[in-house]
Amino acid sequence: MLQQNDCILRAKSGDAQAFRSLVEQHQGQVRATVRSMLGEVAEADDVAQEVFIRLHQALPGFRGDAKLSTYLSRIAINLSLNELKRRKRKGRWLTFTKTDGPELQVEDKAAGPEQQDLKDALQRALQQIDPEFRAVVTLRLVEGYSVKETAEILDLPQGTVASRLARAQQKLRSILGPWL
Amino acid sequence: MKDEAYYRGLLSRSFDEELGQAESKALEKALLQSRELREESARLRNLREAFRSFPKPSDEAFTEAVMRQIEQSDVYRFPAYWLQWAAAASAAIILIAGISIYWSAGSLTAEALVGVSELSPEDAVTLLQAY
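In the order they appear, the protein sequences are chains W and C. Sequential numbering from 329 applies to the first sequence in our numbering. Sequential numbering from 1104 applies to the second sequence in our numbering.
One or more hints might be untrue.
Result set (BS3-like, lysine-lysine): computed pairs, CA atoms no more than 30 Å apart in a straight line [stated by the list, open to error]:
{"#": "1", "chain 1": "W", "residue 1": "Lys395", "chain 2": "C", "residue 2": "Lys1159"}
{"#": "2", "chain 1": "W", "residue 1": "Lys476", "chain 2": "C", "residue 2": "Lys1132"}
{"#": "3", "chain 1": "W", "residue 1": "Lys476", "chain 2": "C", "residue 2": "Lys1159"}
{"#": "4", "chain 1": "W", "residue 1": "Lys340", "chain 2": "C", "residue 2": "Lys1159"}
{"#": "5", "chain 1": "W", "residue 1": "Lys447", "chain 2": "C", "residue 2": "Lys1159"}
{"#": "6", "chain 1": "W", "residue 1": "Lys499", "chain 2": "C", "residue 2": "Lys1105"}
{"#": "7", "chain 1": "C", "residue 1": "Lys1159", "chain 2": "W", "residue 2": "Lys413"}
{"#": "8", "chain 1": "W", "residue 1": "Lys416", "chain 2": "C", "residue 2": "Lys1159"}
{"#": "9", "chain 1": "W", "residue 1": "Lys499", "chain 2": "C", "residue 2": "Lys1128"}
{"#": "10", "chain 1": "C", "residue 1": "Lys1159", "chain 2": "W", "residue 2": "Lys418"}
{"#": "11", "chain 1": "W", "residue 1": "Lys499", "chain 2": "C", "residue 2": "Lys1132"}
{"#": "12", "chain 1": "W", "residue 1": "Lys395", "chain 2": "W", "residue 2": "Lys418"}
{"#": "13", "chain 1": "C", "residue 1": "Lys1128", "chain 2": "W", "residue 2": "Lys476"}
Hints in this document: simulated from the structure, not taken from any laboratory. Source: prediction; values computed, not measured.
Model the full structure from these sequences, guided by the hints.
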């Protein structure tokens, strides 16, 4: 596998193979970020693909001030937040017109803890917290960024990140009680 | 002794931020004294561990889909790139032509541009007589 910096330089000069290598190296991280934000839905991979398309468009101007992984996380979070807003608008419209589209998912609240594994439970719990808190949890707990890095990616003060994390953690802890 | 909610708050914060010395000592003491708080600490650790093991999907189909979309977007962008190059080349040709006319005729008047700046009326008469 090509070294990352070498890959970036070659991809900037139009080497498709080098760009492919970057996609291979970072797709796990990007897809996990987007799925954590949006849930296991069909459009999650579309958004993840869009992240790489944005990277491809931005590559000529990419100066490497930020690590590529940080840069990709920032795009992934922003696009996911946009998708959530779009979904919310669409949801409002669907509620207004009382038409059930295929995107509408009904949460099965009757399903007990024993019917789901921990992964599903985590995913469901994440979808129950506000997107701004979810973004913090995704970067800090799923991606393993430090509080400082998370604050830089989200352009927030470190104190805000820490307090959001503490509150989100408490909420997740109460939702996921039976699994912990 | 503060209430349990206070220590739970400290515990929750302790994973992501450095507590003050007094807070840190108070939490340590509370952890030694309270079984519930130790259990809560273990639960939070489990929660964070579970998030760390969140699946990171990776497959060839995804890479192919991205590369296909990029190829398509490059195809769509080709005419724009082509036009940019053509415009740049045209500008360069006009500039070179202008410089060479100025070099040979000494000005960029309409006569110089059509190549008749060095013709005098007598030359015109001579030309008419020749035909």
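Holds or violated: Lys499(W) to Lys1132(C), with C-alpha atoms at most 30 Å apart: Given pair Lys499(W), Lys1132(C) holds - Cα atoms ~25 Å apart, limit 30 Å.
30 Å limit on alpha-carbon distance, applied to hinted pair Lys447(W) and Lys1159(C): Holds: Lys447(W) and Lys1159(C) sit about 12 Å apart, inside 30 Å.
Hint consistency between Lys1128(C) and Lys476(W) [alpha-carbon to alpha-carbon, up to 30 Å]: Holds, at roughly 24 Å.
Proposed proximity, Lys1159(C) with Lys476(W) (alpha carbon, max 30 Å): Judged against 30 Å, a Cα distance of about 23 Å means the pair holds.
Hinted pair Lys1159(C) and Lys413(W), Cα distance within 30 Å: holds (24 Å)
Pairwise hint evaluation, Lys1132(C) against Lys476(W), where the allowed Cα distance is 30 Å at most: Given that 30 Å is the threshold and the Cα spacing comes to 28 Å, the pair holds.
Holds or violated: Lys395(W) to Lys418(W), with C-alpha atoms at most 30 Å apart: Distance ~35 Å between Lys395(W) and Lys418(W) Cα, so the pair is violated.
Given hint Lys1105(C) paired with Lys499(W) - CA-CA distance at most 30 Å: holds (22 Å)
Hint consistency between Lys499(W) and Lys1128(C) [alpha-carbon to alpha-carbon, up to 30 Å]: holds (26 Å)
Distance restraint between Lys1159(C) and Lys418(W), which requires alpha-carbon spacing of 30 Å or less: OK: Lys1159(C) and Lys418(W) at ~29 Å, within 30 Å.
Pairwise hint evaluation, Lys1159(C) against Lys416(W), where the allowed Cα distance is 30 Å at most: holds (26 Å)
Restraint check for Lys340(W) with Lys1159(C), where alpha carbons must lie at most 30 Å apart: Holds, at roughly 26 Å.
The structure shown violates just one earlier hint, number 12.
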